Amino acid sequence: MRHTLREAWSGLRRNLTMTLAVIITMWVSLTLFGGGLLGAQQVELLKGRWYDKIEISVFLCVPESKGANCEPGQNATDAQRQAIRAALETNPEVATVYYESKAEVWEDFQRVYQNSPVLADMTADMMQDNFRVKLKNPEQYEGVVSAVAGLPGVQAVQDLRQYLNPLFEWLNVAKWTTIGLSLLLLLAAALQIATTIRMAAFSRRRELGIMRLVGASNWYIMLPFLLESLVAALIGALLACASLAALQKFLIIDRAQPSLKSVEWIGWPQVGLAMLGVIAVGVVLSVVPTLIATRKYLRV
Numbered sequence: 593m594r595h596t597l598r599e600a601w602s603g604l605r606r607n608l609t610m611t612l613a614v615i616i617t618m619w620v621s622l623t624l625f626g627g628g629l630l631g632a633q634q635v636e637l638l639k640g641r642w643y644d645k646i647e648i649s650v651f652l653c654v655p656e657s658k659g660a661n662c663e664p665g666q667n668a669t670d671a672q673r674q675a676i677r678a679a680l681e682t683n684p685e686v687a688t689v690y691y692e693s694k695a696e697v698w699e700d701f702q703r704v705y706q707n708s709p710v711l712a713d714m715t716a717d718m719m720q721d722n723f724r725v726k727l728k729n730p731e732q733y734e735g736v737v738s739a740v741a742g743l744p745g746v747q748a749v750q751d752l753r754q755y756l757n758p759l760f761e762w763l764n765v766a767k768w769t770t771i772g773l774s775l776l777l778l779l780a781a782a783l784q785i786a787t788t789i790r791m792a793a794f795s796r797r798r799e800l801g802i803m804r805l806v807g808a809s810n811w812y813i814m815l816p817f818l819l820e821s822l823v824a825a826l827i828g829a830l831l832a833c834a835s836l837a838a839l840q841k842f843l844i845i846d847r848a849q850p851s852l853k854s855v856e857w858i859g860w861p862q863v864g865l866a867m868l869g870v871i872a873v874g875v876v877l878s879v880v881p882t883l884i885a886t887r888k889y890l891r892v
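In our numbering, the protein residues as written are 593 to 892.
Misleading hints may appear alongside valid ones.
[Stated by the list, open to error] With a Cα cut of at most 25 Å, we get these calculated SDA-like pairs of lysine to any residue: (1) Lys841 / Val620; (2) Lys841 / Gly864; (3) Lys728 / Leu777.
[Unchecked claim] Label-pair ranges, simulated between beta-carbon atoms: (4) Gly742 / Glu696: 20 to 28 Å; (5) Glu734 / Leu868: 15 to 23 Å; (6) Thr769 / Thr688: 33 to 41 Å; (7) Met791 / Leu637: 40 to 48 Å; (8) Val880 / Tyr691: 55 to 63 Å; (9) Glu734 / Tyr691: 19 to 27 Å; (10) Pro758 / Leu612: 38 to 46 Å; (11) Glu761 / Trp857: 15 to 23 Å.
In short, the hints are calculated from the structure, not lab data.
Here the structure is a predicted model, which is why all the values come from computation and not from measurement.
Where is the CB? At the ideal position from N, CA and C, for every residue including glycine.
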């Protein structure tokens, strides 16, 4: 084991420039890969929050509303509100119905815009109460929309997916673009590792040949090269993990969460999963190219 460690350390010093290049490439590529994993988890978190919470919103009339179902200058009456609730709750496509009063809307509005000057010009009476409807099958919403769209007191019926789906599509594009770019850089890192190990093995080809002739096992010969590549990859992976932790702390916790409190952000558990993925990919990228690069030197 002492010989193996000594040879690995000697190889790292002998190819210091290439080793540093591998570390930097692994750092950048694994950081991008980890960022893509975090982005994927953030998108799924937002989807889970919004898709599970609401599919359809039925907005009731307020004095400013215009439309055939609204009386000019009047709120929806209690009788209209009860009729709308009954139509929703008796619909076989509806799973749950939640009524959000003006006071609840106002409370949520104050929380979201607590640091905005627009809050000073708003009051609770200006809010619009609504019914939030969760469907048994989100794909079957036309029957619910048609059942309540023409009822008195209904100002508008909205399927929020028509607004959320384009947003999630763009987020998914950004996520897969980041992962795609990181995969290209990871390929470059793997090629760099293979080149570095091949150069190290070539410089010691006579020694390797002698070791093979005297009966040294393949693993005994390969182990120093595996340690060289593994050390470089792990340093790059640890630097990438530190970058992901800094991203979580300084961008999400310190900046994004205070600014957008209505959005549910990823936390340290998600960052931990991304770090595990980064380390696993780093290990694979260090082992596989090394096994391929040293294969020819194991033959007598």
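Hints and how they fare:
Proposed proximity of Lys841 and Val620 is supported: the alpha carbons are some 19 Å apart, at most 25 Å. Simply put, Lys841 and Gly864 have alpha-carbon atoms about 13 Å apart, close enough for the 25 Å limit, and the pair holds. Distance hint between Lys728 and Leu777 is unfulfilled; the C-alpha atoms sit about 44 Å from each other, more than 25 Å. Checked against the given bound of 20 to 28 Å, the beta carbons of Gly742 and Glu696, roughly 26 Å apart, stay inside it.
One distance hint, 15 to 23 Å for the beta-carbon pair Glu734 and Leu868, is violated here, with the actual separation near 43 Å. Between Thr769 and Thr688, the C-beta spacing of about 37 Å keeps the proposed range 33 to 41 Å intact. Remark: the range hint 40 to 48 Å for Met791 to Leu637 is upheld by a beta-carbon distance near 45 Å. Take Val880 and Tyr691: their Cβ atoms lie about 58 Å apart, and the range 55 to 63 Å holds.
For the pair Glu734 and Tyr691, the beta carbons lie near 22 Å from each other, so the given range of 19 to 27 Å is met. Hint check: Pro758 to Leu612, Cβ distance near 43 Å, so the stated range 38 to 46 Å holds. Separated by about 20 Å at the C-beta atoms, Glu761 and Trp857 satisfy the suggested range of 15 to 23 Å.
Consistency note: the structure conflicts with the earlier hints numbered 3 and 5.
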